[in-house]
Amino acid sequence: MKIVACIKRVPTTEAQAKIAGDGKSLDNAGWQYMASFYDEIAVEQAILTKEKLGGEVTVVTLGPSAASKEVREFLARGADTGVILKDDHPSMRDPRATAKALAAKVKALGAEVVFVGRVATDRDHSAVGAMLATYLGWACVTEAIGLELSAGKGVAKRETEHGVETVEFSLPAVITCNKGLNEPRRASLKGIMAVKSKTIAEEAFENVAAQVTVSKVELPPARKAGRIVGEGAAAVPALIEALRGEARIL
Amino acid sequence: MSNIIVFVEHHNGTARAASAQCIGAALATSHDVIAVVSGKGAEEAAATLGKHGATKAVALTGAAQHSPDALARDIAKLVKDNGAKGFMAAATATGKDIAPRVAALLDSTLFSDVTGITAQGDAFTVVRPWLAGKAIATLTSQAPVFCATTRLNVFAASGAEKKCEVIKAAASTDGKAIVTSVAEKAEEKLDVKEAPVVVSGGRGLKGPENFKLIEDLAAAFGAAATGASRAVVDAGWRPHAEQVGQTGKTVSPQLYIAVGISGAIQHLAGMRTSKVIVAINKDAEAPIFKVADYGIVGDAFEVVPALTAAVKAAKKH
Ligand SMILES: Cc1cc2nc3c(=O)[nH]c(=O)nc-3n(C[C@H](O)[C@H](O)[C@H](O)COP(=O)(O)OP(=O)(O)OC[C@H]3O[C@@H](n4cnc5c(N)ncnc54)[C@H](O)[C@@H]3O)c2cc1C
Ligand SMILES: Nc1ncnc2c1ncn2[C@@H]1O[C@H](COP(=O)(O)O)[C@@H](O)[C@H]1O
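In order, the protein sequences belong to chains A and B.
Read left to right, the first sequence gives residues 1 to 250 (my numbering).
Read left to right, the second sequence gives residues 1 to 317 (my numbering).
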């Protein structure tokens with residue numbers, strides 16, 4: 001079975017935001033990058049699926065050439081090939097444009113199941129997976145915390161605010177992966193050696209016009225200075241007083 | 001007036017607070033709201049939506065089981081049939097599941113988890129966080145239909161009751177994915193994203209058994225949820241559903257209490273938009289105090305039981 005895992009290169013979670021001179025973007029000077037946290041879970045699920053059902057895992061990213069670093073790491077963990085849809089500004093793409101570009105590639109690859117992250121931790125859309133499935137006309141389970149795939153179908157679990165849902169679906173499907181689905185492995189030495197014989201292709205993609213214009217980007221308003229109301233249990237009455245009086249909570 | 005379709009979630013016929021807030025956000029853009037409800041109790045729920053400001057409520061009935069893709073198709077059709085200018089849902093697990101599908105069916109992009117919406121006529125502008133709230137972007141939509149999900153606890157529900165026409169429509173039953181069962185959690189347990197008060201514990205609590213202190217403090221407030229730092233979730237002390245932060249949930253409660261949490265940048269990203277923040281930490285230099293409105297420097301094992309007792313006493317009168 002042809003399996004695809006989609007990954008996005010994003011700034012590390014330590015990255016601080018600084019507004020660029022145009023007031024409409026972020027200054028990325030000094031940022032380090034990583035594959036979005038949940039994409040590690042997506043790739044792991046793709047490799048687990050290959051190990052169970054057989055097939056081949058392709059890692060696809062819409063991003064800059066530099067994303068080959070993240071793709072290579074996943075090849076070392078067990079993915080078979082990588083594709084970079086070369087885009088120097090993937091963060092500025094809206095989820096519709098990203099989903100369309102990925103849908104075209106998934107179709108061309110003839111994939112039967114696609115794993116994506118629950119959310120990419122740069123723009124926090126949480127949208128690309130379900131949009132991708134919809135453009136493909138496929139089934140989709142979002143925020144999966146459990147998954148069993150068999151020939152032509154699958155059963156997934158997903159958690160909502162109110163409980164855990166069991167979802168039965170037909171393949172082909174897109175699964176968006178949440179924490180809890182698996183524990184991503186580390187690359188083995190053998191895996192790292194094997195990367196040499198694997199390929200990462202750089203390709204162009206069809207760029208659809210964005211439906212979003214950025215008017216401005218700002219830092220969040222600073223929180224007004226707080227205060228230490230006291231030390232130890234003796235400070236509790238002062239806290240209660242503050243919550244009642246100033247904050248009007250109790 | 002042109003209208004916006006709002007997907008409303010309900011529990012056995014009562015609209016969820018997050019959905020009432022979403023209707024409020026849509027009304028504030030000077031559009032009429034057509035609400036869509038589905039599932040068991042849809043008709044009962046539809047009948048109550050005038051109270052929240054909807055002028056029309058469509059109950060999708062006849063589907064024995066929930067299918068997100070079938071529901072999305074039904075909603076997209078309603079958007080088209082009603083010539084709606086927008087589609088909105090609350091940014092809950094269900095809303096985030098449905099909204100991108102509806103947006104794609106309308107070939108429109110999605111503005112997720114917005115914290116502000118304004119409109120000039122049918123031109124929509126939103127405010128939404130980037131990098132988990134480290135930056136705030138103002139964006140204008142050129143989508144053919146404006147599609148958005150609204151962050152919980154940010155928008156006010158409308159107090160103005162409208163006369164609401166209730167319509168029944170047949171739900172599609174040809175879903176590619178079907179929710180065959182739901183293991184509901186105990187109803188009194190609120191999710192961190194919806195609770196007005198969140199009490200979170202971190203590694204300072206030393207072990208999972210001590211989260212009883214956190215639970216008791218939450219219980220003293222009544223409508224409260226318990227949260228956690230990633231360190232304690234990774235250690236297996238608490239479930240992932242409780243994790244607050246950049247790779248957990250983003251919360252904006254009235255009151256956030258952080259106990260034994262240092263205040264790492266990833267944790268702050270998830271809770272810094274809380275209205276009031278209280279920190280209890282034995283280290284006066286802990287970064288959490290930089291965002292806290294009120295701090296107590298002290299041992300959680302001493303401070304939290306005293307606070308729980310004091311909150312109980314304060315609630316009595
Ligand atoms: C990619 C990535 C994503 C991440 N995402 C998240 C996320 O979503 N959410 C998140 O929370 N973290 C996240 N983190 C982890 C984050 O960097 C911190 O490691 C984590 O938040 C620390 O948790 P903590 O505050 O409970 O523990 P610590 O940092 O160990 O802090 C414990 C605190 O307890 C205090 N303390 C100790 N004993 C007592 C006592 N008896 N009474 C009172 N106070 C006491 C200490 O002074 C200390 O401040 C992420 C990290 C990475 C790399
Ligand atoms: N530029 C991209 N390239 C490849 N995959 C992406 C890209 N953007 C988003 N995705 C996938 O979609 C998931 C959700 O992203 P988002 O909807 O942007 O939060 C990510 O975790 C990735 O798996």
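Worth flagging that the hints you see were computed from the coordinates, not collected in a lab.
You may find that some hints are simply not true.
Derived BS3-like pairs: lysine-lysine, alpha-carbon spacing no greater than 27 Å straight-line [claimed, not checked]:
(1) A:LYS224 <-> B:LYS77
(2) A:LYS107 <-> A:LYS190
(3) B:LYS176 <-> A:LYS52
(4) A:LYS50 <-> A:LYS224
(5) A:LYS224 <-> B:LYS40
(6) A:LYS86 <-> A:LYS52
(7) A:LYS18 <-> A:LYS52
(8) B:LYS176 <-> A:LYS157
(9) A:LYS2 <-> B:LYS176
(10) A:LYS157 <-> B:LYS282
(11) A:LYS100 <-> B:LYS282
(12) A:LYS190 <-> A:LYS52
(13) A:LYS2 <-> A:LYS224
(14) A:LYS50 <-> B:LYS176
(15) B:LYS290 <-> B:LYS316
The model shown is predicted, which means the values in this text are computed figures rather than measured ones.
Results for each hint:
1. Using a Cα cut-off of 27 Å, the hinted pair LYS224 (chain A) and LYS77 (chain B) is violated, with the two alpha carbons roughly 46 Å apart.
2. The hinted pair formed by LYS107 (chain A) and LYS190 (chain A) fails the criterion: a straight-line CA distance of about 31 Å is larger than 27 Å.
3. In summary, the hint linking LYS176 (chain B) to LYS52 (chain A) is supported, as the alpha carbons are separated by about 23 Å, within the 27 Å threshold.
4. Taken as a hint, the LYS50 (chain A) and LYS224 (chain A) pair is broken in the structure, with Cα atoms around 52 Å apart against an allowance of 27 Å.
5. Restraint check for LYS224 (chain A) and LYS40 (chain B): the C-alpha separation of about 46 Å exceeds 27 Å, so the hint is violated.
6. Annotation: proposed proximity of LYS86 (chain A) to LYS52 (chain A) is violated, straight-line Cα distance about 32 Å (limit 27 Å).
7. Taking the CA atoms of LYS18 (chain A) and LYS52 (chain A), the gap is about 45 Å. The hint is violated against a cut of 27 Å.
8. In summary, the hint linking LYS176 (chain B) to LYS157 (chain A) is supported, as the alpha carbons are separated by about 15 Å, within the 27 Å threshold.
9. Taking the CA atoms of LYS2 (chain A) and LYS176 (chain B), the gap is about 20 Å. The hint holds against a cut of 27 Å.
10. This hinted pair does not check out: LYS157 (chain A) and LYS282 (chain B) have alpha carbons roughly 40 Å apart, beyond 27 Å.
11. With a C-alpha separation of about 51 Å, the suggested pair LYS100 (chain A) and LYS282 (chain B) falls outside the 27 Å cut-off, and the hint is violated.
12. At most 27 Å may separate the alpha-carbon atoms for a hinted pair to count; LYS190 (chain A) and LYS52 (chain A) meet this at roughly 20 Å.
13. Distance restraint check for LYS2 (chain A) and LYS224 (chain A): the Cα-Cα separation of roughly 53 Å exceeds the 27 Å cut-off, and the hinted pair is therefore not satisfied.
14. A C-alpha spacing of about 23 Å is found between LYS50 (chain A) and LYS176 (chain B), which places the hinted pair at or below 27 Å, so the restraint holds.
15. A threshold of 27 Å between alpha carbons decides the hint, and for LYS290 (chain B) with LYS316 (chain B) the separation of about 32 Å lies outside it, so the pair is violated.
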